[in-house]
Amino acid sequence: MESSRLPRREPNSGFGLLEKVGLAGMDGWLAFSALGLLACSLFTLYEASGTSIAGAPQEYVQRQALYGLVGIIGMIAVSRIDYSRFRELRVGIYTFLCASIFAVFAFGVAARGSTNQLELPFFTFQPAELGKLLLIIALAGFVIDGARRGSEIQRTIRILCLGLLPTGLVLLQDLGTSLVFAAITIAIMVAAGVRWSHLAAIGAVLAVFVAVVLVALPAAGMPVLKEYQQERLTSFLSPSSDIGDAGYQQNQAKVGIGAGGTTGRGDQATQSRFGFVPERHTDFIFAVVAERYGFVGAALVLSLFALLFWRALRLMTLSKNFYGTLVAAGIAAAIIFQVFVNVGMNLGIMPITGIPLPLMSYGGSAIISTFLMIGVLQSIHIESRAAERGPWID
Amino acid sequence: MRFEPVVPKPGPKRNLPSRRFAVIGAVGLVLLGILFFRLWSLQIVTGDKYLAEANQNRTREIRVPAPRGSILDREGHVLVDNRTSMALQLDPIEIPTSVAERRSLYSRIGKVLGHDADWVRHKVQETKKNDPPGSPVTLEQDTPDDIVYYLQEHQAQFPEVQVNRIFVRKYPQGLLAAHVLGSVGEVTAEDLAKNPDKDLGAGDTLGKTGIEQTYDDQLRGEPGDTRLQVDSTGRIVSQLPSTLPKPGDSVRLTIDRQVQEAGEASLQSIGLPGAFVALDVNNGQVLGIGSNPTFDPSIFTHPLTQKQVDDLYDEDLGAPLFDRAIGGQYAVGSTFKPFTALAALDGGYITPSTVVNDTGSITIADQEFDNAGKQAHGPVDLQRALEVSSDVYFYRLGADMNGSRQLQNWAGDFGFGTATGIDIPGETDGLVPSPKWLNEAHAQEPKYYDPWVIGQNIQLAIGQGYFQASPLQLAVAYAALGNGGKVLKPELMLQTEDAAGRVLGENEPVVENTIPIDPADRSVVMAGLHDAAQSPEGTSYKVFGGFPIKVAGKTGTAERTGEADQAWYAVLAPYPNPEIAVVVTVEQGGFGADTAAPVALQVLQAYFHKKAEAVSGSSGSVE
Chain F
0 MESSRLPRRE PNSGFGLLEK VGLAGMDGWL AFSALGLLAC SLFTLYEASG
50 TSIAGAPQEY VQRQALYGLV GIIGMIAVSR IDYSRFRELR VGIYTFLCAS
100 IFAVFAFGVA ARGSTNQLEL PFFTFQPAEL GKLLLIIALA GFVIDGARRG
150 SEIQRTIRIL CLGLLPTGLV LLQDLGTSLV FAAITIAIMV AAGVRWSHLA
200 AIGAVLAVFV AVVLVALPAA GMPVLKEYQQ ERLTSFLSPS SDIGDAGYQQ
250 NQAKVGIGAG GTTGRGDQAT QSRFGFVPER HTDFIFAVVA ERYGFVGAAL
300 VLSLFALLFW RALRLMTLSK NFYGTLVAAG IAAAIIFQVF VNVGMNLGIM
350 PITGIPLPLM SYGGSAIIST FLMIGVLQSI HIESRAAERG PWID
Chain W
0 MRFEPVVPKP GPKRNLPSRR FAVIGAVGLV LLGILFFRLW SLQIVTGDKY
50 LAEANQNRTR EIRVPAPRGS ILDREGHVLV DNRTSMALQL DPIEIPTSVA
100 ERRSLYSRIG KVLGHDADWV RHKVQETKKN DPPGSPVTLE QDTPDDIVYY
150 LQEHQAQFPE VQVNRIFVRK YPQGLLAAHV LGSVGEVTAE DLAKNPDKDL
200 GAGDTLGKTG IEQTYDDQLR GEPGDTRLQV DSTGRIVSQL PSTLPKPGDS
250 VRLTIDRQVQ EAGEASLQSI GLPGAFVALD VNNGQVLGIG SNPTFDPSIF
300 THPLTQKQVD DLYDEDLGAP LFDRAIGGQY AVGSTFKPFT ALAALDGGYI
350 TPSTVVNDTG SITIADQEFD NAGKQAHGPV DLQRALEVSS DVYFYRLGAD
400 MNGSRQLQNW AGDFGFGTAT GIDIPGETDG LVPSPKWLNE AHAQEPKYYD
450 PWVIGQNIQL AIGQGYFQAS PLQLAVAYAA LGNGGKVLKP ELMLQTEDAA
500 GRVLGENEPV VENTIPIDPA DRSVVMAGLH DAAQSPEGTS YKVFGGFPIK
550 VAGKTGTAER TGEADQAWYA VLAPYPNPEI AVVVTVEQGG FGADTAAPVA
600 LQVLQAYFHK KAEAVSGSSG SVE
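Protein chains in written order, with numbering that gives the first Met the number 0: chain F, 0 to 393; chain W, 0 to 622.
I should point out that these hints are in silico values taken from the structure, not numbers from a laboratory.
Cβ coordinates follow ideal geometry from the N, Cα and C atoms, glycine included.
Among these hints, one or two may not hold up.
Computed, partial: chain F to chain W, Cβ under 8 Å [unchecked claim]: (1) G27; (2) F31; (3) G265; (4) T269; (5) L312; (6) V342; (7) I348.
Label-pair restraints from in silico Cβ distances [claimed, not checked]: (8) F/L205 x W/E152: 38 to 46 Å; (9) W/S103 x F/L68: 53 to 61 Å; (10) F/L205 x W/K128: 34 to 42 Å; (11) F/D266 x W/V26: 49 to 57 Å.
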């Protein structure tokens with residue numbers, strides 16, 4: 000771990016180019032991994048989704064490129080802001096977070112069984128996607144803010160409740176995103192130093208809760224989840240042969256990935272080309288990559304995520320303040336959790352939860368929000384370097 | 000340590016972030032590790048298995064039916080071939096499992112076809128019940144063009160429905176030889192179980208009756224496989240290398256169209272149930288064979304209504320589907336007399352010159368046996384007895400031969416009591432009654448059978464009593480008489496040919512039995528039959544007296560309980576070295592010369608007319 004804290008030995012982060020274009024202080028590897036994933040996404044969409052929209056074969060690519068562009072601009076803009084300012088705005092951010100999620104109830108439009116979008120003038124927006132970032136910066140702020148108030152257990156409960164409120168609100172709309180919210184909350188608690196015993200207790204309660212919701216209540220005739228949610232969550236345990244059934248689709252994705260072999264099938268990737276793999280531009284884009292480009296391509300994507308995760312994690316220790324540490328932990332956890340659940344779903348070892356693959360799955364809200372997260376990480380990086388330079392250079 | 004927490008006291012311990020960083024990092028690494036491992040396992044370790052599964056997934060194999068071979072007459076005229084029909088079929092794999100979706104599919108399809116959902120459901124269930132799993136459900140055959148076009152334009156809405164070109168049997172000669180040709184039908188689960196060695200698949204067509212059944216292996220051909228690349232909705236993306244279907248071979252029959260037409264037309268003109276058989280005396284080839292009433296074989300190319308099925312079996316309509324020529328079980332009356340005569344001559348019971356005084360009736364064992372109408376023929380020798388069909392003469396022989404198996408043995412030698420082995424199904428054995436048989440029958444069912452008495456042998460001598468034979472059996476026996484004793488297996492198949500007309504196989508004559516008939520005996524019997532047909536006092540002189548070709552023919556008038564007499568006529572021509580044997584029977588046709596002989600005459604006219612044409616090369620008439 001010592002080797003990961005070497006800011007002084009790489010003052011330019013290895014990319015002098017960034018300095019030249021006015022992006023001084025950015026983490027080049029972090030930017031590289033994010034842009035690399037976006038490039039993979041665009042390449043895959045370009046090659047694989049040509050027949051998805053009649054009359055506009057490259058519709059997905061063009062729109063994804065546009066989202067990416069907006070996201071990159073947003074990332075640069077955010078990186079220029081001192082993230083510590085967000086801490087001061089935590090109450091406002093938190094209120095906006097809850098309100099925006101709540102607004103979906105009032106004005107939301109449904110898509111794919113979930114009502115989690117807002118119809119805005121130019122595009123439909125999923126508040127929960129941006130909400131992931133908002134939760135991280137707000138919750139981390141509350142942790143710092145409340146660090147001196149109350150007993151240890153009170154602090155634990157306070158963070159938990161602050162995390163669970165938006166998580167619960169999202170759960171009512173979209174199960175997958177609420178899991179990400181929960182993961183963020185837990186990650187921040189872990190990073191904040193909440194006692195292991197507390198975390199263990201929370202884990203136990205969570206386990207009981209899941210058991211009750213998934214098994215006990217439905218068995219007692221009181222299903223909490225909607226039928227499609229229940230089916231998605233449990234179908235990966237028993238892939239069926241019924242076309243149109245969730246288990247069947249997931250199995251088809253798995254077959255496609257397996258068929259990709261070492262180097263992939265290219266245009267012979269029939270599973271994804273001929274529609275056996277469902278949602279191939281969004282939730283199952285990883286299966287498309289894996290079938291077309293094989294283990295080589297899929298491993299490249301996973302490696303880029305590993306790089307991204309490492310760079311985010313590294314900021315935990317580089318951060319100029321504890322707030323930055325918590326935010327970095329939250330973002331790292333949010334991304335790695337989504338990657339695991341989404342890719343795991345593609346590989347048939349996780350249930351279908353509708354969690355997109357960050358920076359890969361087609362979708363404006365997710366792409367832009369993820370780039371904003373990267374922007375915040377960049378800000379942490381820039382600030383840490385500035386703080387570091389301070390005593391010696393200024 | 001460069002980390003500077005904003006909260007120095009009483010915040011976390013200074014090394015806390017490192018520790019917690021390690022925990023989060025470790026969890027993340029483990030999660031990524033799981034993904035990498037699973038990915039490696041799926042793609043590298045078991046990749047081949049999934050590749051095979053994926054390849055399976057995108058290809059659909061469609062069995063392409065082979066066009067069935069044609070059935071031709073002996074000169075190559077087409078009796079049966081194929082036409083193509085657009086059939087609307089439902090792929091069973093595509094039928095949804097959910098009741099609601101199925102219901103909706105059925106009603107959508109039904110609407111297009113002008114039926115309701117129940118109609119479609121019924122079709123699906125019928126197929127499921129009868130056909131092997133995976134058989135396509137044929138909803139409609141000969142689908143009108145507008146429906147075909149509609150479905151093709153709206154393929155996306157009906158991915159389950161396919162419009163397939165199928166082959167349907169076509170009968171250019173109409174009803175001709177309907178009983179011989181038989182019918183085809185879709186393979187049923189039962190057929191599959193019964194024919195494990197045949198390469199049959201769901202949806203194949205199989206010969207079910209007649210020639211179609213006997214020569215199914217030759218006619219059926221080999222279906223091809225079209226491998227199609229399909230997407231997840233079943234839409235065809237492209238075609239992959241396929242095997243072409245191999246058309247079935249043609250079967251050329253021994254049937255002569257003119258002979259067949261003449262026999263059928265004249266039988267039909269009488270309007271009574273009956274049958275005719277024309278055999279080549281020297282090789283057993285069937286030149287014509289028919290049963291009246293008949294049916295239109297093309298009705299089997301469509302699903303039959305219950306009424307159509309009922310009508311085919313309806314006794315009041317003469318059970319049109321029943322092939323009387325091979326399946327009829329009849330007393331043959333006086334047409335049996337030549338065989339009685341040969342048995343008696345062989346056994347030494349008579350000589351050709353033995354004279355019996357025919358007073359019109361005879362009393363044997365206190366029972367009186369009469370000629371037809373008690374007509375007295377006076378003193379008759381064998382030739383005369385055959386000419387005038389003296390029953391008394393033959394009663395005598397039957398009585399004399401009782402106690403020996405002479406008559407039964409000779410009848411058996413001529414093939415009576417055993418199916419001839421003709422190459423279409425539906426034959427019966429017939430019956431030659433013997434004391435042993437009747438006494439056993441009596442022992443088992445005393446109510447129905449009385450023990451053997453001499454009267455049974457007397458009845459047998461004139462083809463009555465328990466004796467039963469089919470018209471075909473009688474024809475085979477006459478052919479044996481005509482050729483000097485060879486009992487031939489009647490054959491309908493002349494040869495098989497491939498699609499280009501090359502001969503693949505020929506049917507050789509099969510001699511089932513050779514009877515040592517004394518040529519002198521035979522010529523006396525033949526002379527008697529010739530007189531019967533063409534001498535002025537002969538029983539069928541009024542029919543054959545004017546026929547330019549010499550023939551040897553025998554009338555028969557069989558008594559049937561509760562019905563009018565059944566007319567028979569059996570004839571060999573030309574006399575004395577015949578080529579053709581013709582047997583005709585007309586149920587309730589009365590005296591043989593009245594109804595049966597004229598039909599035989601028509602058949603012979605057709606045969607010799609054609610022969611004369613072939614010889615002279617002109618349209619010279621033999622009439």
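Comparing the hints with the structure gives:
Below 8 Å, beta-carbon pairs count as interface contacts, and F/G27 has none with chain W, the closest being about 20 Å; its hint is therefore violated. Because the closest C-beta pair between F/F31 and chain W is about 18 Å apart, greater than 8 Å, the hint is violated. Here the hint on F/G265 is broken, as its CB sits about 13 Å from the closest CB of chain W, past 8 Å. The criterion of a C-beta within 8 Å of any C-beta in chain W is met by F/T269, whose closest approach is roughly 4 Å, and the hint holds.
Checking F/L312 against chain W: minimum C-beta separation of about 5 Å stays under 8 Å; hint holds. The beta carbon of F/V342 comes within 5 Å of a beta carbon in chain W, closer than 8 Å, and the hint placing it at the interface holds. Proximity of F/I348 to chain W holds as hinted, the smallest CB-CB distance being about 6 Å (cut-off 8 Å). Against the hinted window of 38 to 46 Å, the Cβ-Cβ separation of F/L205 and W/E152 comes to about 55 Å, which falls outside the hint.
A C-beta distance of roughly 45 Å is found between W/S103 and F/L68, which places it outside the suggested range of 53 to 61 Å. The given range of 34 to 42 Å is broken by F/L205 and W/K128, whose C-beta atoms sit roughly 53 Å from each other. One distance hint, 49 to 57 Å for the beta-carbon pair F/D266 and W/V26, is violated here, with the actual separation near 38 Å.
Checked against the numbered hints given earlier, the structure breaks hints 1, 2, 3, 8, 9, 10, 11 and satisfies all the rest.
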